[in-house]
Structure formats: structure tokens, C-alpha cells
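Participant: Sequence:
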Amino acid sequence: MVADNDRPRNQAQIAGMNHLTLTVRDTHQLASQVNRINKILIANRGEIACRVTRTARKLGVKTVAVYSEADRNSMHVEQADEAYCIGPAQSSQSYLRQDKIISVAKQAKCQAIHPGYGFLSENTEFAELCQRENIIFIGPPASAIRDMGIKNTSKAIMANAGVPIIEGYHGEDQTNETLLAEARKIGFPLMIKAVRGGGGKGMRIALKESDFAEALESARTESEKAFGDSAVLLEKYVAEPRHVEVQVFADKHGNAVYLFERDCSVQRRHQKVIEEAPAPGISQELRQELGEAAVRAAKAVGYVGAGTVEFIMDRNAHSFHFMEMNTRLQVEHPVTEAITGLDLVEWQLRVASGEQLPLKQEQISLNGHAFEARIYAENPRNGFLPGAGQLLYLKPPQAADNVRVETGVRENDEVSVHYDPMIAKLVVWGKDRSEALGILRSKLNEYNIAGLDTNIEFIKDLCAHPKFQSGEVHTGFIEENFEQLFPKLQTPNEVFIQGTLASILIEDMNSLSASLDTKDPFSPFAMEIGVRLNHILTQSFHFNVGKDSNMVEVKYTEPNEYLMRVNRLGPWKKVTGTLKKMDGALELFAEIGGVIAKTRIAKLDNKLHIFTKDREWQLVIPTPKFVTALINRAEQNPCTALSPMPGLVDKIFVNKGDVVKKGDSLLVIVAMKMEHIIKASIDGTVEDVLCSVGENVTKNKLLSIYWIYWIECFLALIFTLNALYHIARYTWTTLQLQPIILSSKQRPLLGIPEDDPLFKEEISQKLKTSELSSSLNLSYINLNRRTTPLGTPVLSEIKDYSAPSSFLRYSTPTSPKSTISSNGSLSRSMNISTSDSLTNENLIQDECDLESYLKEVEQQRKCVLSTTIDQPSNLLSSFWSHPATRTPGEVSPLLRRCAYQLAPTIDKTKATSPGAEEGSSPRGTFGAPDVWRKYRVDSNKVNEWTANLRMWISKTVVERVASEIDNICVALVRHGLSDSQPGYVGLDRLRKLAQAPFLVSAIPTLPTLVPFLELSNNQEYLVKRIKMLAKGGSMSEFKWNSGGSHGSKEWDSSLPTDSAIIMHLISTYMDTQLEAPLDQPDARPFTSRYMARSGMELPRNKGPIIVCQSVNPPHYSLALSGDSLPNDYEEVQRGRNNLFHTLLLFLYILKTRNHGMLGRVNAGSSGINILWVIDG
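Under full-length UniProt numbering, the letters of the sequence shown match residues 1 to 1176, in that order.
What the hints contain is simulated information worked out from the structure, not anything from laboratory work.
Heads up, some of the hints might be wrong.
Calculated cross-link-like contacts (lysine-lysine; reagent style BS3-like; alpha-carbon spacing at most 30 Å) [unchecked claim]: (1) Lys547 / Lys460; (2) Lys679 / Lys656; (3) Lys100 / Lys1024; (4) Lys555 / Lys573; (5) Lys941 / Lys1049; (6) Lys598 / Lys574; (7) Lys607 / Lys662; (8) Lys555 / Lys607; (9) Lys651 / Lys460; (10) Lys1039 / Lys1049; (11) Lys460 / Lys236; (12) Lys460 / Lys431; (13) Lys547 / Lys679; (14) Lys992 / Lys547; (15) Lys1031 / Lys1049; (16) Lys580 / Lys613; (17) Lys992 / Lys1024; (18) Lys395 / Lys581; (19) Lys488 / Lys467; (20) Lys106 / Lys252; (21) Lys460 / Lys580; (22) Lys941 / Lys1039; (23) Lys395 / Lys580.
For each label pair, taking beta carbons as the anchor points, the in silico distance ranges come out as [claimed, not checked]: (24) Thr178 / Lys58: 39 to 45 Å; (25) Ala239 / Thr178: 24 to 30 Å; (26) Asp314 / Val620: 55 to 61 Å; (27) Lys488 / His270: 24 to 30 Å; (28) Gln398 / Asp314: 38 to 44 Å; (29) Gln484 / Asn967: 40 to 46 Å; (30) Arg974 / Val1111: 33 to 39 Å; (31) Gly546 / Lys580: 38 to 44 Å.
Just so it is clear, CB atoms sit at the ideal spot from N, CA and C, and this is done for glycine as well.
Build out the structure end to end from the sequences listed, making use of the hints.
Facilitator: Given below as C-alpha cells:
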């Protein structure tokens, strides 16, 4: 696709190239050590890999390509002499795998590696690895990459070399206080920049001091993600400067030259859009000053090879300051080649082999002007959002001596979501800037792409802007001229007429092609379109542009002659035209009202792309109403495929038993010389194909059935019966509820109002000893030995409580009748009497006796109640939803009120001391008492609870968060935002995505996920660790005082511990389950009321509060209420189980003292069910 663009354009350059040949010959004679390079590996992909291959082939050097699985059929693989697969599509597993690339280089016996740009091109470790493996790295030495890659280091070196630098702070003290103090010294506005990397990453502008903290945090996060280093530097911000860079070249013999400057000022998101050389408005003296400063910069770091020194230049005063040096070949290097007539890749290969520079500074001349436009798959009118997909239509301009198209894709190739969305670079040359700009605009009109949104039309509007044409460029050009660069477009009537004519002629062309395949090609029904004798045919064509509908009326007056008008307005226009296929593209020659216009046409599905001499227009052909009706019918019964019209089955793409996905083509119906593809409306398996190729089918004929339809019907029947069963059961339970009888003392103890219909007072009359009392219904209690109404566990906790003078005694009734009530509790009707002559055996004598009895009651309740749950609740309909499906017992008002009133206390004489925790310190080391002994809980029970808690955390929280992260990543990739996935982007970027209305509507769970990831700025580690903890079902990878490895590094204190991650996930999950306080509607419901840090004022709360005493090593304790003093905290033993035991103690106190309530939400089975941990 590239012509002989490197050919010199004048006699001076021819002489220069002849001198180049002589110099190269002399170099080979003089150099003592020249390593002849016969074979190179290109450690890159796309257009730069193709560019390097072209020069290597010209020099007789063999090339080896590497490719990921996504690039198997790409252009750079096809052009190379050899190619090796190095891994999956993700760059981290393929193009960034240094070990794999070195292995391939050795296997293919390559002497050198060309890194291209991006990926490993500026990686110090990779350059050093090549040197250790005795492979030539076609680039600068590792020391130069390191010095220039760290911006604060490079600034210091430049200052010593006499290169102007901008005022700023480049120190190593990175504390917030120091950076803010230095920022105040520099003054606002200022620029915050990552000390490593480039490409606009880790760069933020703070216009005023109030913006500084947020901008600093955002820059650090992005820098840490992109470069693994959060260090930043501060510079005085030059408002709307020019971005001017100088191409330099140096060899191993101490020679260095500059190849003039480039202007790259027009940028979006700190990334270049269009580049030109030389920079407009630069005097010869300033050009020389820039070049000499760049050479000093290169020599100061011992540079070798191609490099670019970037300067910030004041747009008015033309003063310049060093910004950074890119230690590689730049994307925009072709414009320098265009104005010098040199091949920079050839120079790279010669210098890498040990030769001297082919030319000296005085032998390099500047000739003409050149532009480079980067063609991206992106939507400029939607914030330049990148796109991905197949290039269904690609027609670039023809290459010439002054036109180059640098690309790595062909028509029907895929623009992958895994890599940069650049499609090509269009490079043009002219004698001066005006001529070059005119050529660029002309060639952009010839660059036609359909199937993906591109920035071609935006670049056209940019080139047409008066200020750009006059060279008044700066880095804020797009923002300053936004309205002029994005004008509101009004589609001309001529475009609708051209679209209509194209539709008619395409239909004629398809009809002619179809007639050649018929058995009777001379039949008039096969050859003619719309023939009606003695009648002028009138037809309407409809097109949609955005939300606007447009209609074109057509009268067929003569063969190939029409009258047309748009939207029934204006006069009828006479239209004729022809459609020709030229160079693989459809060219429309249309005469409209006596004016002939030439356009290029592309029809993809129901969209018509019209490429005029000015711009591309897209007309959407609306779907016919009868097809829409059929589609709606198919959506109502999505498991069938119906014929939308009578016709002939032309093709069948599936067989019985095939698995299909939504949108897959099933078969093709041809009717009225129109082809209609029937596609699957859902995912499923083909149960049967009810037609064959060549068969005539009627309208609405059933063509195919998916067996998944019958499964859905069967499941629907099961769900319906299940719902009816539960409705009936709940209704019956509600009708059968009986009130609980309480004594006058029990009602105030339980806090039950007098008018509560679920409870009633016992009969207040004294019965004689010989009389039998009326029958009582004692819910929840199986009366085997004593009768104590519900609620007595709390009696032992009342200091002034004393037993009544008379006790209840039961006698076996004549006909005992035990029943299980509809709410799941056991009740027995019996005769109860009072007597003064009760034996000790029948009485509850003390607290231990009462406790023993209550244990029996609790055990019987667990055995009988249908609401007993023996595993964590999985009733959440999705990760974010609140429990909605309940068994009748769970929704019973009786259970909701009383489920946690029975809370036994253990006899001190029977309590045992739990064993030491795994990983905990010996007793006495930290002075922490065994808190479980205080609450008289057996060690075996604690161990059982701990296992339950770990399983609950894993299944209910961690695994669901990990799963939702994966789901959101898939959705973001599907929306073209593969670079914005959780774990691949900073927290600030994730928050902004969660606030984007269009994205929230498409991914509604994204805003809910963000709080779960707010623990650490190192999102890559946090997401990776959450997914690791989610494995195994019980957090087998949990490390209480550390975590997992990060990249090639072990865990360090800058990363959160697993304890901190788990506590954050649990508290955030609980935030989603509770209601916010009325006085703080924006607060986190659980975190604000039940969590605190050491030294903080405790929340004003009556319930227990988890207090974080230290972060590393992690240690938590428990405050019994918001009024607790630090000395009153319940200290849980330090060590591995400190986190889990603190949570268990929180739940235990919640159950025994707060009746299992978190505010107004039940923590038990009728609520969020976390109390299963200690109830199960």
C-alpha cells in the first residue's frame, strides 16, 4: 500500500543519497567492529511491524514476526518471513512477555530485536535482557532509557546539559504535604505528571489549589496502573502551549544530528491527532536553536539510535522548555522522512549494527512540508470513545510519491478491543504547507471506511478550520474551537436523491445477477423491475438520519430516467445515473437537475454509506412494518424461526442439534428478488429444521424450532406450581396464627404494646387448687418437664427479678393433644393448675436450672421449626437485590417478632476455655483476655462458628463481588471500553464511568460495584486479590497479616492486607442491605453506625461497634456501644482469627442483646440471614 515514497525528490537529495552510499562504504572500511544484521525479530504488531518489515526487505534482512492469538491472520504476520505465536490476545500475556520474545529470537536465530513503538520499546529491563542474551536491541542503551524514562532524573540531566527546563519540583519526597508546599511555591495553574512513561498517562492539570488534592490522587492512580510507579513531578503549567519535538539520531561513535522539528500540538486527551513537519511559524534561527538543544540532550545521556526530544513552546513568545525524551521511533516519524528524503528505520538498522551515521548535520536538508493524520476507530462526536469491530468496507487513497498510507489492516480485518484502535496513518508531502494541506484534505475525501466509526470527518473539519490553515495551533485547539469542529449537520437533499438512485441501481444490479442464475434467464419476470404497461410507476423510499425520517418520492418516467423530490417539498428533479464497479468499489455517477456528481457508495445491511467529495453521509433504511411485526412476533415466541414472506429457501446454515447464539444466521429466503436472512433471536440448540434448500415456503411457515423453548415451558410450569403452593401455604399459615399468652410481667419485659393482637394476657383470676385451668397455647415450647412462656431468657438478666410465689404445674390430660401450629412452632393444649405443694423436681430452682430448661426448649425449637436453615441464604435474586423470596415461616409476623427472644446464657460452672487460635500469639504476649470465656461460649462452638462465617463470607460476599467484576468487564468490552475495566483503570476513572448516564443504563450494577473497590488505589492488585480469595469456597488463600504477590513483587505494606480487604467487602455488603439513617441519608448505613477506627469518636449507637485498632498487623476489637470508653472495649485475641472472632462476637452480642436487629432490619432468617453463622 506504500509506493516508492522514500525516493529523493530533487537533485540535492540525490547527491545526498549518493554521499550516503559512499559514507556507508567508508564506514564499513573504517569501523573495527560492525555486526552485520541478517535477521531481526519485530517485537510489535500492526502498522509499525509492517513498516519495519518493508525497510528490512529492501535491505535484504529477513524478518520474524510475533503474534497473539487475536492477530493470527493479521497483515504483519503475512508480510514477515517467519511468524511465531506468543500467547493470548491480552498484551500482558503476549506482546509484553519478555521471556517469550527472547525465546522466539533464539529459536529463530535472530541477531537483533526491533521493538517498534509502545509495548517494550522503552522498557529498561527488556533492553538489559537483550544485552545479557547477546541479542542486539535496536534502540538506545538501557541507561539512556532509564535516565530519560524517569522524568525528574531527566530534568536534572537536562539542566546540567544546558537544555532549558520548565520551573517545577522533581524531588523524591512524595508526601502530600511536601507536594502541596512545592505547588504553592510554583504557583497555580500547574501540571502534575508521572515521573515514568508517556502517552498522556498520569498527567493532570490543577488550575487552582482546591483542585490539587483530587488531581494528585488521580495522577498517582493512573501512573501506578500504567507504569507501576505512583511518583509524580510538578511543573508550571503553560496555558495552551505548542507541542514541538525534534527528531535526533546518534551512533555508537559519538556522532549526533537533528532531523528538524515536528509540530504535534493538536491533541485530544493528551494524545496526538495530526502532526506536521516542519513546525509552522518557526524561524530558521529558532529551528537551529531547537535542534542543537535536542542534540545536547541526546549526548548528555549517551544516546544511540533514533529518539525524539519534546519541548513545550510558548505560542506567542516562542520560548521553549524541555518536556521529555521518547527513547524510540515515534509514530509520526514518516513526516520527518518526507521532508528529508531519508529512511529512519534503515538508519536504525545501520546504527544498531555498529556503523556511523550516514550523514553529517550539514549534509541534511529540509525540503517542503508534510502532514500525518492518524486514522482511528473512534467516535469524535461521542467524546472520542474508541471503537472495535470488523472493517467491512475499507478503501484507502492510492499511494504516490507524495502520499503514504501506513497501515496494518485490510478490508474485513478486525480492529481488536485489546490494542490501540489506530487503523492507519495518512502521510502527504507538498512543496509548502498550503499545498500539503490541500493534498491532505483531498486524500481524506478518498479515504472511505464503513462498518466502524472513524475520525476521518473530524480531521476534515479540522483541516478546513481557518485557524488551523493559518498555523495558529496549540494543545487546547480542539477545546477552544469545539463548536466549529463539531457543527450540527444538515443532510442535503441531493444526498437523499443520490441514496435513492443508488438503491434503485443496486436493486437492478442484484436482479441482473440473480437472473443469470435462473433456469429461464429470458423471462421478463427475471429481468425487469417494476414493469407496468401504460402506467408511470411511483415509489417512495424512506431514510432515517439520526431521529429524523425522510421520504423521497420517485416517478419512473423512462428507462433509467426518474423524477424525484424530497419530503414532498420543492419541484420534481430529473435524475439519471449509472453505477459502476471500479477498483472494487461502487461509483455512482448521478445527474441531478442537470448537474453531474460522482460519489462512492457502500451498502452494509440496512445502512447506506454515501461518500461525496465533501464528506460521508449515512442513511439508514428503516425495516418494513411487516418485517417489524414478524420480528415482534418472533420476540414473543423467540424459540421459532418463521418465514417473513413467501419465497424460496436459498441457503441453510444450521443442522439439527447445532448450538446457536442470538444473531447467528440460520437460513436465507429469496423472494421478489430480495434476499432476507433469518437470524436466531435467542441462544439455544436447533431442535429441528423444517425446510430444505430449494423448497418453496409460504409466509409465516415454521422453519426451525429451538428445543430450549420446551425447557422454558416446563420450567415455567414448575415455577407456577411452586408459587401457587407457597401462596396457599402462606395464606393457611396466616389464618391459623394464634396469639401467644403472656403474663402481666412478661409483656413489659418483652416491650410488647398492650394493643398488639399477636399476644394476649393470661386469665387474671385465682383458681382453686382442685380446679382445672382453661387450656393454654404455649407456642415455641414443647412441655416435657416445665412450662415457661416465651421470653423468660431475659429474666435472669434483670437484677431485681424474683420468682413468683406460686409455680405452674402441669398434669397429664385425659386426652393429650399435641399439634404443630401453622407457623411451624409446637404447641400443646393441656390442663394447668397451681398448687402450694409442688415438689422440687417440678420447680425451676435457680439460674442454672432455668438455663438447662431453655436449652431443651431451644433444641426442640430447632428440630421442629420449619424455618431452620442449615446453610447460608442464597435467596438473593441477584448479588445486589435484597431477599425477596421467603418461606411462610420466615414471613410470619410471629417469627419476625420473636425469633431471637430466646437467647440462653451459659452456666459459669459449665463453661470451658477455648483453645488457642491458629496463628495467634501465646497468652500474655499482648495481655488480651480470652473474651469467649467471659461470654461462656465453648471453644468447639467458636470453631464451628468460625467455619460457618468463612463460608458465609466467601459464598455471600467475596464470590459474588468477583463474579460481578467479571460480568462488568465483559459488558465494558462489549461497549468498546476495554481500557476501562476494573483492575485495568484507576478508581477515579471508574467513578466517572459509574456517573455516566448512558453507561449506567447499560450496566446498572457498575455504580454499586465501585464502593467495593474503594479500599485501595492499586486497583489491579485489589481486583486480582478479590478473585484469588473467591477461589476454593472458604477463602483458603486468606493471609491475615499480608496478601498475595503483585506482578513479580512480593506483598508489601503499601498494599492492603487480606483482613482489610475482607472487612471492607463485608462492611460494604452490609451497607447495601441496610437503610441509611434518616439524619444522614448519604451515609453508609452499616459503616457509619457499626464501624470505627482507633482514636475516632464512636458512632452514637446502642449496638456493638467494630473498632480497627491497627491496620498492619490488622487488629480489631469491639465496643459494646457508642458510649464505651477505650478501656471498656472487648479485646479479641490477636492473630489469624482476630478478624473472624471479632465479627462472631459482634453477631453474638447482636443476637443476645439487640434481639438480632441491625436498626430496623432483622439479621436472622427473616432478614439478611447472617445470624445463620451462629444459629446453624
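Participant: What are the numbers of the hints the structure violates, in ascending order?
Facilitator: Of the numbered hints given earlier, those the structure breaks are 5, 9, 11, 24, 26 and 31, listed in rising order.
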